[in-house]
Amino acid sequence: MIKTKKVELPSWLQETRVIAPKRGGRSFLQQNSQRLSQLLRRFAQEADTKHQPLKGWLAPQVKLLITLSTVLLISLNQNPFIAWLILVCNLSLLLALPPVYLKKIIRQTVISSLFAGLLVLPSFLLLPDQNALFFFGRTCLILLNLSYYRTTTTFTALITALKQLHCPNGLIFTVAITITYLKLLAEYLLGLLEAVTLRSVGKTAHPYQTIGQLFGILYLKTHDYALALYDAMEARGFTGDYQKEAGSTHHWRDNLVLLLGATLFGLLFFLGS
Amino acid sequence: MHIPDNYLSPTTCGTLIAVMTPIWTVSVLKVKAQIKEKKETIPLLGVAASLAFLIMMFNLPIPGGTTAHAVGGTLLAVLLGPWAACLALSITLLLQALLFGDGGILAFDANAFNMAFIMPFVGYACYLIGRRLHHEKIGLAVGAYVGINLAALVAGIELGLQPLLFHNQQGIPLYCPYGLNIAVPAMLTAHLLIVGWVEAAFTVLVFQFIKKAAPDSIYHAATKNTKVHTKAIYGLLAGLAILSPLGLIASGTAWGEWNKTELQQRLQTAHLATHAPSGISHGLHFNALFNNYTIRGVPLPIGYILSAVTVLLIFFLFVRVIHYDQNKES
Amino acid sequence: MLTVQHLNYNYPATCGLNDINLQIKAGEFVCFMGPNGSGKSTLFNILSGLKTASSGTYYFNNALIDTTFLKNAKRRQTFHQQVGFVFQNSDVQLFNLTVADEVAFGPKQLALSAAEIEQRVTDCLTLTGCSEFRDRVPYHLSGGEKKRVALASVLALNPSVLILDEPLSGLTPIAQQQILDLLTQLNQAGKTILIASHDYNQIKQCASRFVIFNEQHKIVHDLSATDLMAMPELGQQLTLI
Chain A
0 MIKTKKVELP
10 SWLQETRVIA
20 PKRGGRSFLQ
30 QNSQRLSQLL
40 RRFAQEADTK
50 HQPLKGWLAP
60 QVKLLITLST
70 VLLISLNQNP
80 FIAWLILVCN
90 LSLLLALPPV
100 YLKKIIRQTV
110 ISSLFAGLLV
120 LPSFLLLPDQ
130 NALFFFGRTC
140 LILLNLSYYR
150 TTTTFTALIT
160 ALKQLHCPNG
170 LIFTVAITIT
180 YLKLLAEYLL
190 GLLEAVTLRS
200 VGKTAHPYQT
210 IGQLFGILYL
220 KTHDYALALY
230 DAMEARGFTG
240 DYQKEAGSTH
250 HWRDNLVLLL
260 GATLFGLLFF
270 LGS
Chain B
6 MHIPDNYLSP
16 TTCGTLIAVM
26 TPIWTVSVLK
36 VKAQIKEKKE
46 TIPLLGVAAS
56 LAFLIMMFNL
66 PIPGGTTAHA
76 VGGTLLAVLL
86 GPWAACLALS
96 ITLLLQALLF
106 GDGGILAFDA
116 NAFNMAFIMP
126 FVGYACYLIG
136 RRLHHEKIGL
146 AVGAYVGINL
156 AALVAGIELG
166 LQPLLFHNQQ
176 GIPLYCPYGL
186 NIAVPAMLTA
196 HLLIVGWVEA
206 AFTVLVFQFI
216 KKAAPDSIYH
226 AATKNTKVHT
236 KAIYGLLAGL
246 AILSPLGLIA
256 SGTAWGEWNK
266 TELQQRLQTA
276 HLATHAPSGI
286 SHGLHFNALF
296 NNYTIRGVPL
306 PIGYILSAVT
316 VLLIFFLFVR
326 VIHYDQNKES
Chain C
43 MLTVQHLNYN
53 YPATCGLNDI
63 NLQIKAGEFV
73 CFMGPNGSGK
83 STLFNILSGL
93 KTASSGTYYF
103 NNALIDTTFL
113 KNAKRRQTFH
123 QQVGFVFQNS
133 DVQLFNLTVA
143 DEVAFGPKQL
153 ALSAAEIEQR
163 VTDCLTLTGC
173 SEFRDRVPYH
183 LSGGEKKRVA
193 LASVLALNPS
203 VLILDEPLSG
213 LTPIAQQQIL
223 DLLTQLNQAG
233 KTILIASHDY
243 NQIKQCASRF
253 VIFNEQHKIV
263 HDLSATDLMA
273 MPELGQQLTL
283 I
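Protein chains in written order, with the numbering used here: chain A, 0 to 272; chain B, 6 to 335; chain C, 43 to 283.
No lab work stands behind these hints, which were simulated from the structure alone. Note that beta-carbon positions come from the ideal geometry of N, C-alpha and C, so glycine has one too. Certain hints may be false.
As the list claims (entries may be wrong) - Listed next, the in silico DSS-like pairs over lysine-lysine satisfying Cα-Cα at most 25 Å (straight line):
| no. | chain 1 | residue 1 | chain 2 | residue 2 |
| --- | --- | --- | --- | --- |
| 1 | A | Lys182 | B | Lys44 |
| 2 | A | Lys202 | C | Lys93 |
| 3 | A | Lys202 | C | Lys116 |
| 4 | A | Lys202 | C | Lys113 |
Said to hold, decoys possible - Computed spacing ranges between beta-carbons, pair by pair:
| no. | chain 1 | residue 1 | chain 2 | residue 2 | range |
| --- | --- | --- | --- | --- | --- |
| 5 | A | Arg252 | B | Ala195 | 46 to 52 Å |
| 6 | C | Gln230 | A | Gly236 | 55 to 61 Å |
| 7 | A | Leu101 | C | Ser155 | 58 to 64 Å |
| 8 | C | Ser155 | B | Leu198 | 34 to 40 Å |
| 9 | B | Leu198 | A | Ala43 | 36 to 42 Å |
| 10 | A | Arg40 | C | Asn114 | 24 to 30 Å |
| 11 | A | Cys166 | C | Ile283 | 47 to 53 Å |
| 12 | A | Val87 | C | Asn78 | 50 to 56 Å |
| 13 | A | Trp11 | B | Ile199 | 39 to 45 Å |
Stated by the list, open to error - To give an idea of the interface, some chain C residues facing chain B are shown, with a C-beta separation under 8 Å as derived from the structure:
| no. | residue |
| --- | --- |
| 14 | Leu139 |
| 15 | Val179 |
| 16 | Tyr181 |
Input sequences plus hints: build the corresponding full structure.
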C-alpha cells in the first residue's frame, strides 16, 4: 500500500449545509437534452437488430427518385384531381406499412401540416377562397410524401442511393462522415448538457455564456475528431482519391417501376398543366 | 429560415440550382487548395457539417419564454474558411431536407443559397474588415448579425416574388401567397429584432472561447491574397449596402422603380380579382363566418399585415398558455 | 437516505436494469461491482437524476424522484446540490475555460461571497492535487488530470452524497491512493459515497458494503465488507471482474 500525505478536510466540507436556490430557470437544458435524446434514439433504432427492419421492395436510388419526382409533380400540378390521385396512391402505400411506422408518419405529417396551416392562415382569413385551400392541401401532401420517405429510409439506404445515382465520391464520403459523427457529437453534447445540469444549482450568469462554452468545446472536439479520422484514413492507405464503387444493384422490378413512373409522370404532367 | 417545399415554384428552385452550381464548383476547387496546406480538411468538412446540424438544432432561450436557434453560418466561415463552410452547410441542409424534415427537398437550393452562401460569405467579409481595423470581435458580431439578416431578406424576396411571377389567369398565386410587401417585412422583423442578436451573441461567445482555448484550430486565409480579397469584399459589401435598403423599401412602395406600374398592376390583379372567384367556395362554412370580416376600404397590404399580426398573437397566446400549464404542473 | 424499489430501466433496444432493490443509509461507503454493461452506470444516472426509471420508485430523503419532481427547477437544483456525480467519461464533464473556472462554476450559483468561492476553489484543487494546473484549459488536460478536476468541481458543491463512476481508471497509483484517502476522509466526515470500480483489491480497504451485479442487470450480492471477508471465493471472483 502506498502511503500518502494526510491532508485536513476544510471545515466547510465537514458540515452539511444545503443552500436554497434563489431562482429557477434553465429549462433550455432539459429541452435540448430531450431533443438530442430523440435524435440519438433514431440512431439507436437503426442499429437495433432485434427490431424487424422494413423490407424495401425498391432499390434506394429508385425510391429517392420517385419521391423527388412526386414532390415535383405535386408542386407543378394545379389540378385537384391529380393531387387526389396521388393522395390515394399514398394512402394505399401507407396501408401496407406496419403500424409503428404508420403512427410516426401520421404524427409527423399532422404536426408539420399544422405549422404550414398557421402560415397560410392569414391569407385565408383575408381572402377565403378555394385556391388557398388547394395550396394548403398540396403542401400537406408534399409533407406526407417527405415524411413517408424519411420514416422508411435508413441512413445507409440514403448513402447507397447517392452512390447508385453516381454522385461524386467526395460528396458520398462526406455525407457518410457527417452521419457517423452526428451521432458521436450529439452524444458528446448530451454528456456536456448533463454535466451542466448536474452542477446547475441556482442562479447563474447569462445562459449564453455557458452555451458559448459548450459549442466552443464541441468545435474543439470536431477538430480533434477530424484529425484522428485523417490519421486513421492515412494509416489505411488513403491517398486523397476515393475508390470507385461496385456495379449497380438494379433489379428488374426497379426498372419496371422507373418506366411506369416516367410514363405516369409524363401523362400527369400533361393533364395537370 | 428553412423554406419548406411548395412555397417556391419549381422554376425558382431550378434557377437557384443554376446559381448554386458554380458556387459549389468554386468552393470545391478552393477547398482542394486548402487541403494541400491542411490535410485534415477532408474529414473536417463532414464533421463540421454534423456540428452545423447540432447548432441549428439547439434551442437558445430568448426572453419571454420562447426559443430561437442560431444557424452558425458566420461562425463556421470564420472557423473553417468561407468555402469549406459553404460546403459543410450545404451538406447539413441536404441531410436536414432528406432525413430530418427541416426545409424542403426542392427548396434545398434556395435554402443553400441563403444559408450556405449569403450568410457565411457576408459574415466572413465583415469579419475580415473588422480584423483589418483591429476590432475582430466587433467585425464578427456585425458579420453574424448582417449575415443572417441578409439571408432572411433574400429568403423574403424569394418568397415574395412568387405571387408576382406565378399565378393563374384570375391572378391567384399558385405558390407562396404572400407578396413582397408581406414576406420581406415578416422575415426581416423577426430577424432584425431577435434572431440576428441571438446569432451575433452565439457567434461571438463561441469564437471567443475557441480563440482562448485553441487559437491554432481557427482558419487563416493565405496572407498573400488578402489585399485583393479585401478589395473584392469591400466591393461586395458596398453592393449589398446599396441593395439592402432597396429590399426594405419593398415593403413600402418603391421596390424596383424599373417596372413599378407593371408591378402595381400585377399586385392589384393578384389581390382584388380574388373577390370574384371567392364565390366558388360558397359551400364552405368558413365563408359565411368570414364574409363580414373582409374589411372593405382597408388597403389590402394593411389588412394582410393586420391578420398576420393577429395570427402571430394567437400563436404566442397559445405558447404562453401552454408554458403556463407546464410550469403549473411542476 | 436513498431507497430504490423494484427499479427497471429499459433502453430502446436492450434492458438496462432489472428489478433493483436497494437501501442506502447516510454515511455508508458502498462499492458497486459487476461486469461491463451490467447496469452500474445506468443506476448511477438514475440516482443522480439524469434519467428516470422505466418502472419502480426512487426515494431520496423521503422525496420521490421522478419526472414531475425534476421538472420543478428549485427542487431539482436543491437535489443536484446534495447529490454529486463524477462521470465515467470526465471528458464531457468539463466545459469551462480554465480549471479554476470549472471548479467555481457550481459555487458561483450558490450566492456565496467571492472570498468563500475562492476558498472552496483553492481547497478543492488542493485536495485533489490539481493546484499546479489551475489556469490551464481543462479540455487540453490528460485523462487522469481531467478525472481529478471533475472530482474537484463536484466536491466544490459540498454534496452529501457523492457518486463516482470508475474514478480510479486512468490515474497513476499514487493519484489513485490520494483519491481513495480523500474519499475515506469524506466518508468519515459523514458523506455517503457510492463508487463503481473494477479494482477489488484497492477498494476493499475503504468500502463498507459491496453490491454486485450480474450480466442480467440484476443485483446478485449485497453484503457488508466483513461478510465479504468471510467469503474468500467470492472475493477471488471479484478480483477477476
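Outcome of the hint check:
no.: 1; hint: A/Lys182 - B/Lys44; in the structure: 24 Å, holds
no.: 2; hint: A/Lys202 - C/Lys93; in the structure: 23 Å, holds
no.: 3; hint: A/Lys202 - C/Lys116; in the structure: 10 Å, holds
no.: 4; hint: A/Lys202 - C/Lys113; in the structure: 16 Å, holds
no.: 5; hint: A/Arg252 - B/Ala195: 46 to 52 Å; in the structure: 48 Å, holds
no.: 6; hint: C/Gln230 - A/Gly236: 55 to 61 Å; in the structure: 58 Å, holds
no.: 7; hint: A/Leu101 - C/Ser155: 58 to 64 Å; in the structure: 60 Å, holds
no.: 8; hint: C/Ser155 - B/Leu198: 34 to 40 Å; in the structure: 39 Å, holds
no.: 9; hint: B/Leu198 - A/Ala43: 36 to 42 Å; in the structure: 39 Å, holds
no.: 10; hint: A/Arg40 - C/Asn114: 24 to 30 Å; in the structure: 25 Å, holds
no.: 11; hint: A/Cys166 - C/Ile283: 47 to 53 Å; in the structure: 49 Å, holds
no.: 12; hint: A/Val87 - C/Asn78: 50 to 56 Å; in the structure: 53 Å, holds
no.: 13; hint: A/Trp11 - B/Ile199: 39 to 45 Å; in the structure: 43 Å, holds
no.: 14; hint: Leu139; in the structure: 6 Å, holds
no.: 15; hint: Val179; in the structure: 5 Å, holds
no.: 16; hint: Tyr181; in the structure: 6 Å, holds
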